[in-house]
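**Q** The residues making up each chain are set out below.
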Amino acid sequence: MTDIQADLTRPLAVARVPAAARQRGTFTVQPWLYLAPALCLLMMWTYVPLVEAFQLSFYQWNMLPTAPQRYVGLTNYQRLFALPEMRAALWNTLFYILGLFPMSVIIPLFVAIWTQDLEGRARTIYRALIFVPMIVAPVVAAILWRWLLNEDQGLITLGLETVGLGRIGFLTDPTYALATLTWITGWKLIGFSTLLFSAANAGINPSYIEAARIDGASRWGIIRDIRLPLLSPTILLLSMMTILFGAQWSFAYINVLTNGGPLKSTTNIFYLLWEYGFQTMSAGWSSAAGMIAFAGFAVIAAGCMWLTKRFAVYDN
Amino acid sequence: MTIDASPDSASHASHGPKAGHARRVAVHAVMIVLSFLSIFPIYWMIVTSLRPENEIFSTSLWPSNPSLENYVFVLTRIPMIGMLINTTIVSAATALLQVVTGLFAAYALVRWRMRLSGIIHGLIALSWLVPFQVTMIPNYVLASRLGLLDTLTGLIVPNAAHAFAILLLYNAMRSFPTEILEAARIDGARSWKILWQIVVPNMGAPIASLSIIAFISAWNEYFWPLLLSRKPENSVVQIGLQMFMTQEGNLWGPLMAASALASLPILIIYLVLQRHVIESFMKSGIR
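As given, the protein sequences belong to chains A and B, one line each in that order. For the first sequence, our numbering assigns the number 1 to the initial residue and increments by one for each residue that follows. For the second sequence, our numbering assigns the number 317 to the initial residue and increments by one for each residue that follows.
Excised from the complex, chain B in its bound form (with noise of 0.2 Å):
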């Protein structure tokens, strides 16, 4: 075998040059495979719902005659523009209430140390673990109460405030530098002052992680918004979808383009700010 001095190959001296190449095919290879599973089914909605009537069980991997006439079969069957508003009303509206709720409680807990505030983060913590489909009785009482049955402040409220936001914010700004704090505290600044001018902007990047992946939950979420809805044009984009499945099941071109549409504005946010929002579900977990 020859002599080979980069340091590459070198580590991996059982091996041999032959051997690594291999590898890195098959390295290569189990990729690949991940990454078709991954996106295949959304490739396959987006060439479905481009496919005319009559090629719908066609298995090309691109429609001959591309046409956007399951598009427009949505647009006129279902109010999906309408859904499309309030979905992106209801997730602008959680996110950003999300982070001004996180926000205060966190502050609240960081500049002030109580006596309770071991019990109070606990507290928050612990609401995480309660399954919504535990309360999910006496929560659709309370919103039927309060009038909010088919309205979108019914589906924004109950989620303006979140374990999750409230505890990562916390722990965002507890390596924010107490001396700052206290510095301002001294010069006489008010507690609200502090939280706007001096600790707001240094937290640009959690809350851009938490409203991206606020925005992207409240967008994906499904289950109150099916205790909640009565009406299609009241609703979100998951109810519209659900029921123009369960009506036209089995009209795939039309659903297909629906669903394209309901995922549309996600996957544009998700090309713009790819790295972002990469990042921030890693740092921060699941949704």
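One chain only, chain A, in its complex shape (with noise of 0.2 Å):
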């Protein structure tokens, strides 16, 4: 349940209807009917269940209908913070999303500009190709990364080897395990970042650019002052897309692979709810950190939707 879509930059209110078009005063109960279904799913499942969540974080609770919950206030908040194990997987956290940025957004931005020339058939056979990963389930990617990098025949180990740079344990050393797993999540969104940059990069008015190239403007200043500001939104949206989801995006590979170790090295925010909640049963705990993540991610987004109001340039 990680997307988001790409009209999210838009500004989200409802489009202002002339005042005419309003019903005043009459209360229909018809649009309430149209709407019950959604807006009930919506409370039962996502809004009382995350009041819930800020209930139980203020609660000991393990988990077992019969077993009483205690109140205990902001402990669970305070030994959060006070735990090693919190602050690791905040680092672990921020790192997946750095690690993310040259395969979600610098690598497809640059590679789109550099094949935007590309046409026909081979554009038609290229993309087809790199979309797939975007559509492989993340238990069959996972799965799929641990056969090519498995430590003893793994196709990338016995690669390596004959390279003669040795074994390297992609999954099981702590150096090399976080990177593994952002790189298998990397795969996902490259193809899929670069087909987002080639056609917003396709949609900039041509006339643009043969304007700058008759005033004498270098292919790099072409880029720079004119492709770069025009791909602003995308550049935009997709950095707050790996900002907000990526750590979320993830959680698969890391349930599957590694289950947060070796040592803890893969274990991120989202992983960490989870081992909270459903491996060690605190409920208290796995709320508290949840509400920690949500009001961080919460103002990251926030953050994000000011920036590209401020700073994405349309093409009006």
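Any given hint might turn out to be false.
[Claimed, not checked] Below are the SDA-like pairs computed for lysine to any residue, each with C-alpha atoms no more than 20 Å apart in a straight line: (1) B:K599 - A:L195; (2) B:K509 - B:E498; (3) B:K599 - A:D315.
[What the hints assert, rightly or not] Every beta carbon over 10 Å from chain A, so not counted as near; a handful from chain B, in silico: (4) P357; (5) I397; (6) V473; (7) P517; (8) G520.
Hints are computed from structural coordinates only; laboratory data are not their basis. Note that the structure is a prediction, hence the values are computed from the model and not measured. By construction, the Cβ of each residue, glycine as well, lies at the ideal position given by its N, Cα and C atoms.
Each chain sits in its own coordinate frame; assemble them with the hints.
**A** Below, the structure written as structure tokens:
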């Protein structure tokens, strides 16, 4: 459930409607009937649970229906902030996000600009191929890379040995495990991001480029002064998605491949929530950590929206 | 340098034909590397799944004696067919319900302008930003109270409405000419009739996009089934794969065969509807 709509950069408010179109004064029951299924489901499975999680964060509870919930005030939060685990998980979350940037934004951006002249059949074939990882299930992606990187007979391991680099414990060495998981997360995104940038790049009005060329602008000058600014909405959108959802995307890989190890080196905040909740059965801790994560990402989301409004260049 | 009249090389005036050629080669090289990176792991999965056991560690690009023994092993060892059927049911039902609840909600927001529309719209959009891991414990408790643990219903219902679906259909419906709606209303058509006879038939493209995306993401969904499932035969294929890997992690041939079977339906959809799938995802974002 990690998704975002490409239109999110647009103002979220409802379109302004002329006052005449509004039905003033009278309360109509019909729209509420249409809204009911969606709203009930969202309330039941998102908003009420959110409030309950907030409440739970002040309690101690081992998740057994028969066990009592004990009110402990802010203790859960205090404990969490004192725990080195929590700090390590937050750092790891940051590493995942930073590590994803080259694959979700930077490389796709330059590949898209570099390959913009491609046309015809070749273009269609490349498009079809680089999109594929996007629809591969995370569990399958995890298993595929586990096989390729397998320490005994994995193809990449064998290849590295032939080149004389020796064996690398991609998933078992704490130095590399997080980078490996970040790579797998990025593998699913890199082609899709490239396609998004290509589409945005192709949408740039060619007369701007032509005008700049006539004025004697260099190739790099055109990229810097025309293409990059006009691509800024897409750059900001993909950056925002990487920041907000990057750590969530890696969850499946952590759970399938490393269980947060070796030595907790791949545990990020979302995996920590899961561990506290469903492995050590401390609902209070999990909820408190969840609230911290939610609040943190909400602030970041607001910041990103503000940045997008402030800096994105739209061609009107 | 010879004069070249083609408009293409004229626009690359400073490069000349030779540099242009080198550039074209480099462009293809970049795309070939990227395509190879994207597709090779999947190719390797299929090749490995076709290798007999004694050849499993071979590095040849195609098995010398392709065999289906790994597939037979998987199908006899785990309830793969049952899980594939379960996953199809869950994904199709999720997609259908998301379309229906999304259509209703979007219709309500477009057709009636209520004082609370802004708040409702905001509430729907914000639900997107709540990470599932934050609400998972209350969700789990609710599901177990409702007796939904280890059931397909439990996998479908919490995903039956999604902010993404509502907003996608809302944005598509907003561009629907209001005059037509008004005219139908003046003719005395009920809102229900207008929805099904006028709005829905004109929303083919967005509904198809949404169905594709919802089906694929439901198929690939992992976290919620992980919480809910107990027995593999009551679960979806992602959970079956994960359980199989935990138990038989080093039986690479069968593991690859199981992964291939789990991906096959999605890959077939992609092969058939390739352009539509890419466009749906690109227009609507990441799922």
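**Q** Does each hint hold? Answer for all of them.
**A** To see whether the hints hold, each was checked on the structure:
1. B:K599 - A:L195: Measuring from Cα to Cα gives roughly 11 Å; hence the hint holds.
2. B:K509 - B:E498: holds, 13 Å
3. B:K599 - A:D315: holds, 18 Å
4. P357: P357 of chain B not clear of chain A: closest Cβ-Cβ about 4 Å, inside 10 Å.
5. I397: For I397 of chain B, whose nearest Cβ neighbour in chain A is about 18 Å away, the distance exceeds 10 Å, so it holds.
6. V473: It is violated; V473 of chain B is separated from chain A by about 8 Å at its closest Cβ, not greater than 10 Å.
7. P517: holds, 18 Å
8. G520: holds, 20 Å
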